[in-house]
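Starting from the given sequences, assemble the full structure and let the hints guide the process.
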Amino acid sequence: MVMNFQLALSAFEPSIQGLQNLIQLSLDVSSSSPARFLFCSSISTALGTPSPARIPEAPIEDLEQVSLIGYAQSKLVSERIVQAAVAESGANATILRIGQVVGDTKWGVWNDNEALPLIIRSAMTMDILPQLDMACSWLPVDTFSASVLQIAGLATGAVSLTNELHKTSPRLVYNIVSPRTFSWNSSLLPALSSACLSFRPVSPEIWMHQLRLFSSIQSKSGDSDITVNEAASDPTQNPAVKLVEFFEENFLTDGEEGEGGTGVVFETEEAEKMASALREAPLVVESGLLGKMVGVWLEKWKVRV
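Residues 2 to 306 in my numbering are what the sequence shown lists, from first letter to last.
Source of the hints: derived by calculation from the structure; they are not laboratory data. It is possible that some hints are incorrect.
Derived BS3-like pairs (lysine-lysine); straight-line CA-CA distance at most 27 Å [unchecked claim]: (1) K107 <-> K301; (2) K107 <-> K274; (3) K293 <-> K107; (4) K243 <-> K301; (5) K293 <-> K303; (6) K243 <-> K303; (7) K303 <-> K107.
Here is the structure:
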């Protein structure tokens, strides 16, 4: 199933109500202090920030900083709710602003229905990939989960939040983003090629033009006069054709990419202090993790093509 990136903010109202219920539950526990509550937010709450910019581990003050998609807006609304619960009701809550989470370090399994894998998969049928002037901050899912447990004080190697709370109030926001970035153009594309993915690097404009072309053709597939790469226009083989508007509006606008890698940098110093897993996050390309992920994808995709 491909995630629906076009949902409006209103579609997330049930989830936001659920957040409010959980916060209330944390306040209602029978103990001398509120239960610890950690909310998983997203760096998309600040991806509308004009670059270059550094995003601190602090509340987002300007609503204009949020990405335009409903998912991102729902996360910012939720951050504000958590912030208010801490300030007004004494909730013991923390916001974890999460960046791009990718495959695990052991097996390299990453959901291929996410936006980035869909772009990479398009090479299988379109034979091209966009050159993006961006840095990738990718965090393996097992590194991410270990980091969250450490920040929560529930894992070996964690700084005890219980001890921290005796000294000061808990920190409101942590940015959970890999501190080790790599270039899409100079690192990722060559690594994809080395992993036996065949493609030609092109400008984002050319890639978008081709994607639009194949997207428009899929609705005319019954026209006998059309002679095109049928696989590239088939959403079952090239699901990226179903997300043209999303890529245009939120992913490839002016060559930018939506994970904070184009001059919008998320500070992680405080999170790294609390989580050795984040501090020691692996290098995705050099460690061979990217090769593992591509290997898993190719085995799956070649069955479908």
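Please list, smallest to largest, the hint numbers that this structure does not respect. Violated hints: none at all, because every hint is consistent with the structure.
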